[in-house]
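Chemist: So you can see what is in the structure, the chains are spelled out below.
Protein chains: 2
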Amino acid sequence: MPSANQSRKSQEKPREIMDAAEDYAKERYGVSSMIQSQEKPDRVLVRVSDLTVHKADEVVWVRARVHTSRAKGKQCFLVLRQQQFNVQALVAVGDHASKQMVKFAANINKESIVDVEGVVRKVNQKIGSCTQQDVELHVQKIYVISLAEPRLPLQLDDAIRPEVEGEEEGRATVNQDTRLDNRVIDLRTSTSQAVFRLQSGICHLFRETLIHKGFMEIQTPKIISAASEGGANVFTVSYFKNNAYLAQSPQLYKQMCICADFEKVFCIGPVFRAEDSNTHRHLTEFVGLDIEMAFNYHYHEVVEEIADTLVQIFKGLQKRFQTEIQTVNKQFPCEPFKFLEPTLRLEYCEALAMLREAGIEMGDEEDLSTPNEKLLGRLVKEKYDTDFYILDKYPLAVRPFYTMPDPRNPKQSNSYDMFMRGEEILSGAQRIHDPQLLTERALHHGIDLEKIKAYIDSFRFGAPPHAGGGIGLERVTMLFLGLHNVRQTSMFPRDPKRLTP
Amino acid sequence: MPSANQSRKSQEKPREIMDAAEDYAKERYGVSSMIQSQEKPDRVLVRVSDLTVHKADEVVWVRARVHTSRAKGKQCFLVLRQQQFNVQALVAVGDHASKQMVKFAANINKESIVDVEGVVRKVNQKIGSCTQQDVELHVQKIYVISLAEPRLPLQLDDAIRPEVEGEEEGRATVNQDTRLDNRVIDLRTSTSQAVFRLQSGICHLFRETLIHKGFMEIQTPKIISAASEGGANVFTVSYFKNNAYLAQSPQLYKQMCICADFEKVFCIGPVFRAEDSNTHRHLTEFVGLDIEMAFNYHYHEVVEEIADTLVQIFKGLQKRFQTEIQTVNKQFPCEPFKFLEPTLRLEYCEALAMLREAGIEMGDEEDLSTPNEKLLGRLVKEKYDTDFYILDKYPLAVRPFYTMPDPRNPKQSNSYDMFMRGEEILSGAQRIHDPQLLTERALHHGIDLEKIKAYIDSFRFGAPPHAGGGIGLERVTMLFLGLHNVRQTSMFPRDPKRLTP
Numbered sequence: 001m002p003s004a005n006q007s008r009k010s011q012e013k014p015r016e017i018m019d020a021a022e023d024y025a026k027e028r029y030g031v032s033s034m035i036q037s038q039e040k041p042d043r044v045l046v047r048v049s050d051l052t053v054h055k056a057d058e059v060v061w062v063r064a065r066v067h068t069s070r071a072k073g074k075q076c077f078l079v080l081r082q083q084q085f086n087v088q089a090l091v092a093v094g095d096h097a098s099k100q101m102v103k104f105a106a107n108i109n110k111e112s113i114v115d116v117e118g119v120v121r122k123v124n125q126k127i128g129s130c131t132q133q134d135v136e137l138h139v140q141k142i143y144v145i146s147l148a149e150p151r152l153p154l155q156l157d158d159a160i161r162p163e164v165e166g167e168e169e170g171r172a173t174v175n176q177d178t179r180l181d182n183r184v185i186d187l188r189t190s191t192s193q194a195v196f197r198l199q200s201g202i203c204h205l206f207r208e209t210l211i212h213k214g215f216m217e218i219q220t221p222k223i224i225s226a227a228s229e230g231g232a233n234v235f236t237v238s239y240f241k242n243n244a245y246l247a248q249s250p251q252l253y254k255q256m257c258i259c260a261d262f263e264k265v266f267c268i269g270p271v272f273r274a275e276d277s278n279t280h281r282h283l284t285e286f287v288g289l290d291i292e293m294a295f296n297y298h299y300h301e302v303v304e305e306i307a308d309t310l311v312q313i314f315k316g317l318q319k320r321f322q323t324e325i326q327t328v329n330k331q332f333p334c335e336p337f338k339f340l341e342p343t344l345r346l347e348y349c350e351a352l353a354m355l356r357e358a359g360i361e362m363g364d365e366e367d368l369s370t371p372n373e374k375l376l377g378r379l380v381k382e383k384y385d386t387d388f389y390i391l392d393k394y395p396l397a398v399r400p401f402y403t404m405p406d407p408r409n410p411k412q413s414n415s416y417d418m419f420m421r422g423e424e425i426l427s428g429a430q431r432i433h434d435p436q437l438l439t440e441r442a443l444h445h446g447i448d449l450e451k452i453k454a455y456i457d458s459f460r461f462g463a464p465p466h467a468g469g470g471i472g473l474e475r476v477t478m479l480f481l482g483l484h485n486v487r488q489t490s491m492f493p494r495d496p497k498r499l500t501p
Numbered sequence: 001m002p003s004a005n006q007s008r009k010s011q012e013k014p015r016e017i018m019d020a021a022e023d024y025a026k027e028r029y030g031v032s033s034m035i036q037s038q039e040k041p042d043r044v045l046v047r048v049s050d051l052t053v054h055k056a057d058e059v060v061w062v063r064a065r066v067h068t069s070r071a072k073g074k075q076c077f078l079v080l081r082q083q084q085f086n087v088q089a090l091v092a093v094g095d096h097a098s099k100q101m102v103k104f105a106a107n108i109n110k111e112s113i114v115d116v117e118g119v120v121r122k123v124n125q126k127i128g129s130c131t132q133q134d135v136e137l138h139v140q141k142i143y144v145i146s147l148a149e150p151r152l153p154l155q156l157d158d159a160i161r162p163e164v165e166g167e168e169e170g171r172a173t174v175n176q177d178t179r180l181d182n183r184v185i186d187l188r189t190s191t192s193q194a195v196f197r198l199q200s201g202i203c204h205l206f207r208e209t210l211i212h213k214g215f216m217e218i219q220t221p222k223i224i225s226a227a228s229e230g231g232a233n234v235f236t237v238s239y240f241k242n243n244a245y246l247a248q249s250p251q252l253y254k255q256m257c258i259c260a261d262f263e264k265v266f267c268i269g270p271v272f273r274a275e276d277s278n279t280h281r282h283l284t285e286f287v288g289l290d291i292e293m294a295f296n297y298h299y300h301e302v303v304e305e306i307a308d309t310l311v312q313i314f315k316g317l318q319k320r321f322q323t324e325i326q327t328v329n330k331q332f333p334c335e336p337f338k339f340l341e342p343t344l345r346l347e348y349c350e351a352l353a354m355l356r357e358a359g360i361e362m363g364d365e366e367d368l369s370t371p372n373e374k375l376l377g378r379l380v381k382e383k384y385d386t387d388f389y390i391l392d393k394y395p396l397a398v399r400p401f402y403t404m405p406d407p408r409n410p411k412q413s414n415s416y417d418m419f420m421r422g423e424e425i426l427s428g429a430q431r432i433h434d435p436q437l438l439t440e441r442a443l444h445h446g447i448d449l450e451k452i453k454a455y456i457d458s459f460r461f462g463a464p465p466h467a468g469g470g471i472g473l474e475r476v477t478m479l480f481l482g483l484h485n486v487r488q489t490s491m492f493p494r495d496p497k498r499l500t501p
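From first to last, the protein sequence lines are chains A and B.
Counted from 1, the first sequence has number 337 at position 337 by my numbering; the numbering is strictly sequential.
Counted from 1, the second sequence has number 93 at position 93 by my numbering; the numbering is strictly sequential.
Keep in mind that the hints were calculated from the coordinates and are not lab data.
Some hints here could point you the wrong way.
Given that identical chains are not distinguished, each listed pair holds provided it fits within a single copy or across any two copies.
[Stated by the list, open to error] Cut-off 16 Å, straight-line C-alpha distance, at most; resulting in silico cross-link-like pairs (EDC-like, lysine to aspartate or glutamate):
| id | residue 1 | residue 2 |
| --- | --- | --- |
| 1 | K338 | E117 |
| 2 | K497 | D177 |
| 3 | K110 | E301 |
| 4 | K497 | E382 |
| 5 | K315 | E365 |
| 6 | K40 | E304 |
Just so you know, these numbers come straight off a predicted model, no measurement behind them.
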């Protein structure tokens, strides 16, 4: 199927080389015509990760990217990369390869995709720079399937260099905007591949755990008619001749599902916040992992289910994604994530006492600032040796209107946040399920009742007590891996200044 | 925990009854104070579905809704409902219940939630109107946990009545707008419970199958900077001081993930179409089940994976959701869904021939109209006995600019739709992975290159051949169950005229 006849404009340099002289290997290399599904050849492509001594002396076909190439006299060494795996390949002048073929191979632009036929050979000395250390591929045929442009906007090796090494040894690293502007290339690095495989695992573990616990998945609308959570920070959409809004959370809909007897529901979907914050942990669009659950008598029934779900995620990640964790740690060293079973639950007043003891001045009904959250995280880690804990019983004054007041203390509420490495990853509460109390609380917060009529009406025909919470996927990924910016854990992050790619 | 002291305004009628006379059972019934997590009582609530003869003569606590109540002399029969299950409960004057208590029970508004303590008693004659046919509950205590308002906007029994029965017997049914306006109640019906449990199952089976096939889940942004698929039918968002758009599909991002070496990806998320269509099958926001996959040599490798994924979903639904299918069929009778293994694949020209033979006049490069799609579905069903098939090789002229032309016939393309019961549920294609050809095709379609620069640039640094497709979740649910309107399979549907609840 590969043929050298249909090279395209950008591929003229290889053709020149090929045409230069009589060449006994000329059918063995070249630029393939574009794969348009012309044929269904009977050829098996072997995975790079399967190139081991078990395949020694076999002839195999491999499709991979040219990660690097280095010509050396009559030989050319290529490193062929496939996802997080790579193997050394050797094109050497001899029976199979001509001088021209070696030159052709040496001139293939990095990141091009090639089909290679070669013999798997055991090597005497381990190849430290490749994941497949015990074999190399002796190339008999090489065809370019998709040619990369010669100038890459960033080098993959620079993109996985630890910052310390960059600073101390004066070697190149890649800044965040360059990465994000060229995300397709940045995502090819072993670090990015690991981050997003692990993130996919978080979603999988979240659902697996909840389905096992009897939860049902729901789909909630993102275009809504009124800004249910107040009106600030909401994006407006032109909806035919009217305006609509983007949902700041699926909460209203999760609660309606509870009122509709689904009892235990979860959803995974985008959440939109029109906040003009340019911090390391804010995005204007992120992925919410949301839970809502009817309970019998006490909202701690729900808190325990949520905390256990997170614990199951942590355990699953440490069990199934050890390779990915280690890959990320190579570039971004960090302590393993620690947690307790059952999860530590502190009350807000206990946290206040710890902070005051550490010299912080705070009022009883004051919310935690970001620096105080982080300090508290360090104090909790010192005292309890955990990176994950629940902070329960927030002051009513700092929570949304639909939060259930604590019946024993009117200044407190049945609400909670959860923290990883000192940063908030979940906010939740028992919700008010009584329409009369809900109305009172909305009025107290100065909310226009007309705008939340549908919300309040949902509770008029019998509503079970319920609680829930929303988890930020990108934050969980970031904090579990000890990364420092939520843009590292969003494939295509959105913030006030970035809408592309 | 339940106490009769804190009844609220809307609950005064029950209080009156309670206070009316000396009452030996007065501690055994009443309106509970709102559950604010005051206590953690050591009480086990038994599921209605677990009330069987195995529990005969046991005293149990149950929390359920009052589905119906019927007083009859010194007795009151309640049907207590929990999700799709219900049980008969009897409150009778005697040792445990006073006259006042029976009257109280008889006056509880339908759809209220109650906690009931009762003895499970075997019945001699099966109770045909309940799912728990062999037992009834002899009530000893009954407390209202959440009182419903007395007038329901729709009756659940009307909402599950087959239309035929309504028409022929002149009995009430509920029209679609009433249902959707009062969705929280409509979703409580056995039919709705079954529809959305099955829909949750579709998502679960989709992911389960793809993860088993080595696919990875991705999250793609919904706010985008340019209308990637032309510009028509796109919603505009105010994004700080600029405009942005809502993604009409995750396609660009799925393709970027392929260019970023993730090889096989899927995502489940909202898709937005600003189409002013008020048909039975269009929504302005729906849930896309999207797949994209790099292939080796032929896009049929991908077509086969997608078709097999759908087949695994159909098999899984028929195996795991038989009860739900039967529940929906009671209200909406329909033939079981039929499919072949492997899936039938027809070429567009074959379909044209079948339609022409049936008397339809169509040009070779004309797209299928909705009536012709349906007719074709019937013809295919007659000839091949399948409700699911692939239509391959669409005319290039009717497909988007990024569709790979067929190398053997410039008027055809490497693109396909998939159909269930004669309606399209998936559209897909081999995508052009060569930036030069992609540019040519975009220009041919009159697309502003500046607006799709990021898209085209994604392919400049080596791109594997790839194909994919997007499935509409609501359509799959509707057509699998043989329903007639996509609003029945969207919990909170959005169309040009509906944005609430």
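Chemist: Check K497 against D177 for me: Cα-Cα at most 16 Å, and say if that holds within a copy, between copies, both or neither.
Modeler: Within. Shortest intra-copy distance 11 Å satisfies the 16 Å Cα cut-off; inter-copy 42 Å does not.
Chemist: From the Cα coordinates, with 16 Å as the cut-off, is the pair K110 and E301 best called within, between, both, or neither?
Modeler: Neither: 55 Å inside a copy, 27 Å across copies.
Chemist: Pop the pair K497 and E382 into one bin, within, between, both or neither, using alpha-carbon distances up to 16 Å.
Modeler: Result: close neither inside a copy nor across copies, 38 Å intra and 57 Å inter.
Chemist: As a check of your reading, is K338 near E117 (CA-CA no more than 16 Å) within one copy, between copies, both or neither?
Modeler: neither (47 Å within a copy, 44 Å between copies)
Chemist: Cα distance capped at 16 Å. Does K315 pair with E365 within a copy, between copies, both, or neither?
Modeler: Neither. Shortest intra-copy (35 Å) and inter-copy (56 Å) distances fail the 16 Å Cα cut-off.
Chemist: Could you figure out if K40 and E304 sit no more than 16 Å apart (CA to CA) within one copy, between two copies, both or neither?
Modeler: Between copies, since 13 Å is at most 16 Å while 54 Å is not.
When the structure is compared with the earlier hints, violations turn up for hints 1, 3, 4 and 5 and for no others.
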